[in-house]
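Listed below are the residues making up each chain.
Number of protein chains: 2
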Amino acid sequence: MHIDLYFTPHQTDELALRERTVVVIDVLRASTTIITALSNGAREIIPVATVESAVKISGNHFGDVILLGGERNGRMIDGFNLGNSPAEYTVERVKGKAVIFSTTNGSQALVKARYARELFVCGFVNVGTVAEALWRTPRDFTILCAGSDGLLSMEDSVCAGMLISRVGAGGETDPELSDGALVARTLHRTFGRGILKMIRSSDHGRRLAEIGFDGDLRYCAGVDTLPVLPLLEGNVIKLRSEVEKKEAVDHSQET
Amino acid sequence: MHIDLYFTPHQTDELALRERTVVVIDVLRASTTIITALSNGAREIIPVATVESAVKISGNHFGDVILLGGERNGRMIDGFNLGNSPAEYTVERVKGKAVIFSTTNGSQALVKARYARELFVCGFVNVGTVAEALWRTPRDFTILCAGSDGLLSMEDSVCAGMLISRVGAGGETDPELSDGALVARTLHRTFGRGILKMIRSSDHGRRLAEIGFDGDLRYCAGVDTLPVLPLLEGNVIKLRSEVEKKEAVDHSQET
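Top to bottom, those sequences are chains A and U.
Under numbering that gives the first Met the number 0, the first residue of the first sequence is numbered 0, with each subsequent residue one higher.
Under numbering that gives the first Met the number 0, the first residue of the second sequence is numbered 0, with each subsequent residue one higher.
For the record, the hints were derived by calculation from the structure and aren't laboratory data.
Computed from a predicted structure; not experimentally measured.
For glycine and all other residues, C-beta sits at the position ideal for the given N, C-alpha and C.
Just to be clear, a hint being listed does not mean it is correct.
[Unchecked claim] Listed next, with one range per pair, are the computed distances between beta-carbon atoms:
#	chain 1	residue 1	chain 2	residue 2	range
1	U	T172	A	R192	19 to 29 Å
2	A	V248	U	G191	48 to 58 Å
3	U	N234	A	G78	41 to 51 Å
All chains should be built: construct the whole structure from the sequences, respecting the hints.
Below is the structure:
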């Protein structure tokens with residue numbers, strides 16, 4: 000099992016990720032928000048790179064069964080229903096809805112990985128569940144951190160390191176690590192005992208606290224609080240249980 | 000004093016580096032080779048991004064006072080005089096010569112930083128000299144690591160961390176660090192006591208050892224063995240002492 004890692008989507012392109020198993024990490028806040036929305040009953044998340052695409056895809060369904068969510072530079076987008084704070088994605092708001100989702104960094108990473116063989120969404124809130132899926136069926140994988148405007152993010156890197164450590168602890172053999180993956184594991188060993196403190200002193204964490212989102216920092220620092228596995232199915236992100244249900248139905252219709 | 004860091008040139012562009020103080024690090028091997036060539040009396044190094052540019056610039060001077068040096072994927076380029084091994088850049092070969100220089104990663108980083116206000120070339124071999132220049136005249140600076148084909152390189156990151164630690168130790172106040180700079184300092188604290196071991200187990204180090212360059216790994220791991228300061232002056236890299244001599248002459252001609 001070989002693990003490699005990109006600290007920002009700028010480091011790579013669609014072709015390099017094609018047919019790979021990819022884990023996208025954007026702790027602050029796209030990953031955590033997507034995981035929260037799906038845990039709270041959203042039917043699916045449709046990641047798009049641009050605000051224009053979001054509006055176009057939403058078409059006439061706007062505000063009905065489809066919601067528009069996301070941010071640019073940490074703030075809500077004009078005409079959107081929801082921002083990028085997980086606190087907004089309550090059961091009342093999202094249950095049964097599809098959410099078209101566009102953010103500064105996280106959506107860019109998701110869109111770049113759209114030709115992956117399989118794609119999981121990971122944050123601290125579900126890191127154990129993603130790790131278990133990976134060590135139970137061992138295969139090479141690539142971690143794609145969203146970073147922040149082309150720069151490495153400490154919180155994504157430490158989360159990636161926690162994922163790598165747990166995959167290693169769960170499996171029978173030690174995974175081979177690229178330089179990037181080894182860096183992430185080292186950061187997790189150094190900063191992993193104080194996740195909230197690390198997030199609060201990170202570049203992105205400080206910016207979010209300044210614009211009033213310290214509550215989000217605490218929420219995004221929660222480890223294994225939402226044990227679900229969001230994965231890309233076609234162009235939408237769903238929970239594994241939903242994907243498996245659909246596959247079971249498809250299969251029963253075939254026979 | 001604020002320090003930020005890019006782990007690969009892919010993370011940034013010319014505009015972001017414009018008018019900044021930039022330190023370019025490519026331990027394996029462009030930085031180390033440039034520092035070696037200048038220490039051994041090369042008049043100047045002219046970094047270019049493409050082989051075509053190198054051949055074009057060399058024009059009719061080819062092989063006379065101008066040498067062509069560099070590599071693609073660790074190997075010498077057809078028609079070039081020198082590869083990218085510092086061992087080739089001996090006094091006999093380079094004294095008094097200009098070297099047009101093009102490599103897979105290092106030259107790309109140098110070319111990307113060509114509009115910097117000032118640009119230093121750094122490796123383990125001269126890290127103390129670069130650190131001293133920075134803490135003696137404190138200013139914000141950006142470290143641009145060459146990385147390896149768009150991926151973070153452990154050896155560049157640890158060297159960056161050593162530079163940051165030494166700038167911090169030399170100066171009167173602790174520098175502010177971006178997430179990337181904090182990552183590098185953490186890596187230096189973890190791996191800094193065994194530089195050669197770290198280089199030998201890095202992705203790039205293992206590839207170079209496989210194609211017969213283990214001697215280069217040992218050489219590039221030497222700390223402070225070449226206490227010189229190469230800096231960009233116009234489009235060429237020279238030693239600070241040479242730049243200062245030229246400035247003194249220019250000044251005496253003015254008065």
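Here is how each hint holds up against the structure:
Our hint of 19 to 29 Å for U/T172 and A/R192 holds, since their Cβ atoms are close to 28 Å apart. Taken as a hint, the range 48 to 58 Å holds for the pair A/V248 and U/G191, whose Cβ atoms sit roughly 56 Å apart. Distance hint check: the CB atoms of U/N234 and A/G78 are about 48 Å apart, consistent with the given range 41 to 51 Å.
Against the hints set out earlier in the document, no violation occurs for any number.
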